[in-house]
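Here is how the chains run, residue by residue.
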Amino acid sequence: MQGSQQQQAYDRGITIFSPDGRLYQVEYAREAVKRGTASIGVRTSEGVVLAVDKRIRSPLMERSSVEKIHKADDHIGIASAGHVADARQLIDYARQHAQINQLRYGEAVGVETLTKEVTDYIQQYTQVGGARPFGVALIIAGVEDGVPRLYETDPSGTPYEWQALAIGADRNDIRSYLEDHYEAEMSLDEGVTLALAALASVNDDALSPESIGVATIAVDDPVLTELSEAEKTTYLEDEGLLADDEDDEESDAEEDGDEDDE
Amino acid sequence: MQGSQQQQAYDRGITIFSPDGRLYQVEYAREAVKRGTASIGVRTSEGVVLAVDKRIRSPLMERSSVEKIHKADDHIGIASAGHVADARQLIDYARQHAQINQLRYGEAVGVETLTKEVTDYIQQYTQVGGARPFGVALIIAGVEDGVPRLYETDPSGTPYEWQALAIGADRNDIRSYLEDHYEAEMSLDEGVTLALAALASVNDDALSPESIGVATIAVDDPVLTELSEAEKTTYLEDEGLLADDEDDEESDAEEDGDEDDE
Amino acid sequence: MQGSQQQQAYDRGITIFSPDGRLYQVEYAREAVKRGTASIGVRTSEGVVLAVDKRIRSPLMERSSVEKIHKADDHIGIASAGHVADARQLIDYARQHAQINQLRYGEAVGVETLTKEVTDYIQQYTQVGGARPFGVALIIAGVEDGVPRLYETDPSGTPYEWQALAIGADRNDIRSYLEDHYEAEMSLDEGVTLALAALASVNDDALSPESIGVATIAVDDPVLTELSEAEKTTYLEDEGLLADDEDDEESDAEEDGDEDDE
Amino acid sequence: MQGSQQQQAYDRGITIFSPDGRLYQVEYAREAVKRGTASIGVRTSEGVVLAVDKRIRSPLMERSSVEKIHKADDHIGIASAGHVADARQLIDYARQHAQINQLRYGEAVGVETLTKEVTDYIQQYTQVGGARPFGVALIIAGVEDGVPRLYETDPSGTPYEWQALAIGADRNDIRSYLEDHYEAEMSLDEGVTLALAALASVNDDALSPESIGVATIAVDDPVLTELSEAEKTTYLEDEGLLADDEDDEESDAEEDGDEDDE
Amino acid sequence: MQGSQQQQAYDRGITIFSPDGRLYQVEYAREAVKRGTASIGVRTSEGVVLAVDKRIRSPLMERSSVEKIHKADDHIGIASAGHVADARQLIDYARQHAQINQLRYGEAVGVETLTKEVTDYIQQYTQVGGARPFGVALIIAGVEDGVPRLYETDPSGTPYEWQALAIGADRNDIRSYLEDHYEAEMSLDEGVTLALAALASVNDDALSPESIGVATIAVDDPVLTELSEAEKTTYLEDEGLLADDEDDEESDAEEDGDEDDE
Amino acid sequence: MQGSQQQQAYDRGITIFSPDGRLYQVEYAREAVKRGTASIGVRTSEGVVLAVDKRIRSPLMERSSVEKIHKADDHIGIASAGHVADARQLIDYARQHAQINQLRYGEAVGVETLTKEVTDYIQQYTQVGGARPFGVALIIAGVEDGVPRLYETDPSGTPYEWQALAIGADRNDIRSYLEDHYEAEMSLDEGVTLALAALASVNDDALSPESIGVATIAVDDPVLTELSEAEKTTYLEDEGLLADDEDDEESDAEEDGDEDDE
Amino acid sequence: MQGSQQQQAYDRGITIFSPDGRLYQVEYAREAVKRGTASIGVRTSEGVVLAVDKRIRSPLMERSSVEKIHKADDHIGIASAGHVADARQLIDYARQHAQINQLRYGEAVGVETLTKEVTDYIQQYTQVGGARPFGVALIIAGVEDGVPRLYETDPSGTPYEWQALAIGADRNDIRSYLEDHYEAEMSLDEGVTLALAALASVNDDALSPESIGVATIAVDDPVLTELSEAEKTTYLEDEGLLADDEDDEESDAEEDGDEDDE
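Chains as they are written, first to last, in the UniProt record's numbering: chain A, 1 to 262; chain B, 1 to 262; chain C, 1 to 262; chain D, 1 to 262; chain E, 1 to 262; chain F, 1 to 262; chain G, 1 to 262.
Looking at chain A on its own, in the form it has when it is part of the complex:
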């Protein structure tokens, strides 16, 4: 997105609408999301699935420190895409809200309630000056009263509920894949397979188990559970998506912390 002369007149802050009613800074924050590697959410009748691209810049970096799936509460997981440090702020905010809810009402926070708390917080950063919007999108997934729920928050602070979605790099291509293959009555297993296939569809149909993260929350045991390397390998093998070892692990998208290594 190249800023035209006209656009530049209105894109220096969140307190200014453009003549056609747009908030450019919020739109630019969406671009920051696209710079991040992809995250995917799939809702099945048996639970929700989160799958993330967590490729790293160097073999010496600990993959576990590439935080893309976070636990907000036992029954709620959050996957992010975009500015990593911003994501951490929102996830801290979500965790605090979940704890407060637990303390105040003696029950686990609802997925929708939590999502809306977070989006209200995000919205503040799009209307009152002196700060910038959050350059991050979240997928908030969980099970609430036995029902799987799957939400998105975007930099404008709008909450959306989805059956399946992608955020971050290649989000449109992945969404097309999901639209073509999604079935509401999938099992959780099928959901994991769909998520991995969708992610692989923009990666030459091949993934290495280390470079991805997968977590599920099952309706009958609503606890966020990350898949082990072995489990991920099995899924990939079963679908013929397992990458060769020498596969070049190079991320198209760059998370926030990526330096331009000159």
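The hints are simulated quantities; they were obtained by calculation from the structure and are not laboratory data. Note that this is a predicted model, so its numbers are computed, not measured. Cβ atoms here follow ideal geometry from the backbone N, Cα and C, with glycine treated the same way.
Pair ranges (Cβ atoms, derived): (1) B:Ser-228 / A:Glu-183: 19 to 27 angstroms; (2) C:Gly-129 / D:Glu-185: 45 to 53 angstroms; (3) D:Glu-226 / C:Asp-189: 32 to 40 angstroms; (4) D:Val-223 / E:Gln-102: 36 to 44 angstroms; (5) G:Glu-107 / E:Tyr-105: 23 to 31 angstroms; (6) G:Glu-226 / E:Asp-220: 28 to 36 angstroms; (7) G:Gln-96 / D:Glu-226: 53 to 61 angstroms; (8) D:Gln-7 / G:Glu-226: 47 to 55 angstroms; (9) G:Glu-107 / E:Gln-102: 29 to 37 angstroms.
Below, computed lysine-lysine pairings styled on BS3-like, alpha-carbon distance capped at 30 angstroms: (10) B:Lys-116 / C:Lys-116; (11) E:Lys-54 / D:Lys-116; (12) F:Lys-54 / F:Lys-116; (13) C:Lys-116 / D:Lys-54.
Using the hints provided, position chains B, C, D, E, F and G relative to the given structure of chain A.
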């Protein structure tokens, strides 16, 4: 609306009048409203009707998460058009005010009172710097002492009372339709029919029940009631407005969260 | 008023005088007043008269929601012209001050006292940065100790007392009419007639009763009283000012909320 | 005063000195004073005289509402020139200070003390950002311990003591007249005559009693006393300064509230 | 001093250093000092002398209101040059500090202590944004423990101690004169004579007693004492510096309040 | 990195995203890190190693004052690169947090916990206006529950965990060296050797013991321990990396305090 | 240092990094330091030496008021270079901290501790907007637990420890001299001689005793002691550095208060 050189000199914030006494940022916020899908309100002698266009960007998105009709209190509903995250703030504000009124005076808040509380809040964002106006318009509909009331709030913070109105995309075309067909002595049923016909008038005279939302508040049972899919289908069939299944559901207007999927 | 290059150097805020000692933002706020439909005040020996142009944009809009005459206290009415949402703020401020005066001193507030409270409040918005001036003028009319009083507030925060005045669109033409026809010793009836004739003088000498508002405060019964449709019709008929039904009701001036319906 | 390119670089606020050590915004505020109609002060051995030009824009405006002479305390009067709403703020400030002095010390405030309180207040608006200077000059006149005192405050916040002075439009021409004709040992009567003659000297040597205001504070009865129409007429007749009735009352200078009646 | 293009890039406020480490706004404030009429301080073994140029703009202005010598405490006098209203703020600050010192420690404040309090206050206005520097220099003179002290404060907030100095217009020429003629072991009388001769040296070697102010603080009676007109005349006559009556009293420098009388 | 015209439009502060979703000020802060001399961290199975380049500008400067390795807690060391004064702020922050943790929970703070506290603090300086990001990167190394941990914080506020890493000048070249030679199962000794060899690889394969700093935290005795000059010499000799005495000690990178000695 | 076009884009405040990671305002503040006359510190085994250039602008100025050596505590002296008023603020800050330390812990503050308190304070002025950096460098010298310590603070807020150093004008030339002649095992006498010779090296190898200040803090009597004129003369004579009387005392560098005497 293209910003001319002259206009650009005065449109960077709400603390600056243009030489001809205009507040460009408020006018640009009205453009943000026009970017949203349409919402319609109709007042009949038996109650008020809210009808909204809630088309979605992807078949995987949950329609229920496209929030266009909100409950402010049992007897008051609010339909919005424009920046979704902004709408959520105003609706929260309205709900809180309704609750406070209930607690403080032991009675339900009046529709006009509530509207003016909201518009006073909106006005603050058009005079004191450091923020931007709300990029959203609301239709506040309710029954007050047995009388149906129908109000509009706009980004300047001005309250208007209407017999029937439209906000958002195609608002002028829809208003023309309403002006041509509105009768003060309609039944609530006729009100629903009018609202749907008006909405269809800018959609090739065809609507699918899923892509719209309809709610009513009846004088004799003043509780906000949303119509079921079946009820909406019946109304549309009766009027010959029911769209074929393969109808391309593409929104002309884009709500706030719409990305430009390049 | 077109902003010249020279002018543009000094018109971006209220904290800057121009080299010739002008405050452009206050002058631009006066332009906002001229964009509003006209309001007229006439002081007679029997009381004061307020007459306002309240044409509406659509037949579906409730005329009663076009707020142009407001009650500040039983014995004081306020007519406004200009930015509607701004007017509401000033009127709320005036009402609160009237109530506080009643509570604190056990007596009704004086018209001059109230006017000066309001203008002091307006002045703050012309000297200290971070906000814009109020884009509205008020006519504050009332009876105080048996004496009719008629005041104007303008966006600079200056109070004026008048025998008869107009604010808003066509204010100069209406004032000329008033200067030519005003008599200090008129009855209240004659005052109403003068106000309507003055308003009609800039409307092809024809008015429809619905499109105007008239209120009086009589010396011998100092309570703000709005004229009924029948009463207005009678006055207009008596003066031959009654418009035909098919009269095109189109306002030259646009109140704040008017959209440019493209 | 036309702002040169060089000047424009330093005249946008009070927190910036120009390279030659000037504060342009304070100088521009002095221009605002010159836009106001003239006020004159004369000190005699018997007391002080204030005379003001109070021409009005329309015969329907109440002359009494053209506030140019104000009572700060029984023994102190203030005449203003320039931005009317600003003058009101300073006069309120002076009145409050006079009352506080009375309450705190049980005695009437001194003229010099009051003047310096006011100028200290004015100075704040010339050094700390976020506001503009006061666009008004004051003549503060009074009798203190049997001694007549006559002070000026200007927009920089500097107090001056004078034997006779003028502020506002034509101030230099009037001052020349005063310098030529002032005698320290005048009676109060002679002081009034001098003030009126000085004012008339820039008005074709003719004044109408309604268009001027005159007040005196006598040493032997130190109470601000405004002259009646009859008294003013007598003075003018005695000096041959009485204007014919048809005199065109048009103010060269424009007080703050003057609109450009296009 | 003409602001070059390069200079203009760095001279808009006190929070910006220029590339060569200068604070232009402080330098411009020094120019404001030069716009003021001169003040002179001389330290002798018998006490300190302050002499000031207090020419006035109009014969009607009270010379006593041209405040150039101020009493900070019985034993400390302050002469100023530059922006008069700013000087008043600093002198008030100094007086308050002197009183607080008296109250808190039961003894008169020291001259150096007082000077440093004032310069610390001045420094704040050169580092933290939102205000401008003080456009004034002070000579703080006094006797402390039997020792005469003579200090200068400048707009940067730096304190200097002098044997003899000048501030304001022609300060360099007067300083040269002082450097050529100053003797440390002068009597107070000789100090007065030196100060007047130095002042006269930039005024065609002639002064009128009314247009100057002189004050002394003697070691053996440390109280600020202003010379009477007769005393000043005697000094001037003795030195052959007395101006003829018709001398044109026109100040080269202009104090802050000087208008450009067009 | 040269700022293009396009880039300059968006790089003046942290509250503005560029059209492609970048935060230029954070990227520029990363450049400030690269201006600092290199720091290296290596994690072995026996503990963690920190090695820093601490060349000095003058032989008269105390090497010990070139602070590059800091103790956050007994078991946690921090090496920095970039703006030295900024580093000191973050290290103070880390120390305080470590102490608070000790006091509040009675146990030593975890390495990851501490890192995330610090990055959360850094993030605040990248979103809310009125300040700039921290121009420094940190390596936070420690032993936690017997496990060696090695983290990086960057100016965006993102935490990363590494097996081995470099920050500051030549960071990419050093990282390449580390990637080529790192073994997870090294001894602490081998870790020191690797770190020194990596540092030497960008310094003509020669280092002098005075110009480097090395510290270790061993798993079996988790206390930050700095190597003595003798120990460093031994390591360098063993690897043939010891520089000749006459080696020119000139830093390619310049820490914050470096002046351009012209 | 001439600000290039590119540089000017990033040098208007401390909240902006340049694309290559520099903080221009901090660099410009270093230029302000260079504008000040030189100060020198030398650490010997017997104590520390401070030597300063205190030439004055006029023979009438009291040399004692050219504050270049300050006492922070009995055992700690501070020499400054650069903006004098800024130096006073930091020295006040240091003194207060020293007193607080004494009160709180019952012992004298350490030299390093005090230095770091001061640099932390300085750093705040380089990161948070609304102010400018301090335009001053300090040499903080003292004896702590019998050990002589010598520190520098610079405008970035970085503390350095030195064996010998110079700040202010000609700092690089003086440092070269010090590097060539410094011996760690000097006596205090030799330290004074070295400091004076270094200062003379940039002044045609000649100094007058009045134009310099010298102070020492001995290990065996750790109290800041200023040398008398006689002592300074002896040192200069012994080294053949004593200037002739007619030596032109003209400072190359200009302290903050220097006016451009046109």
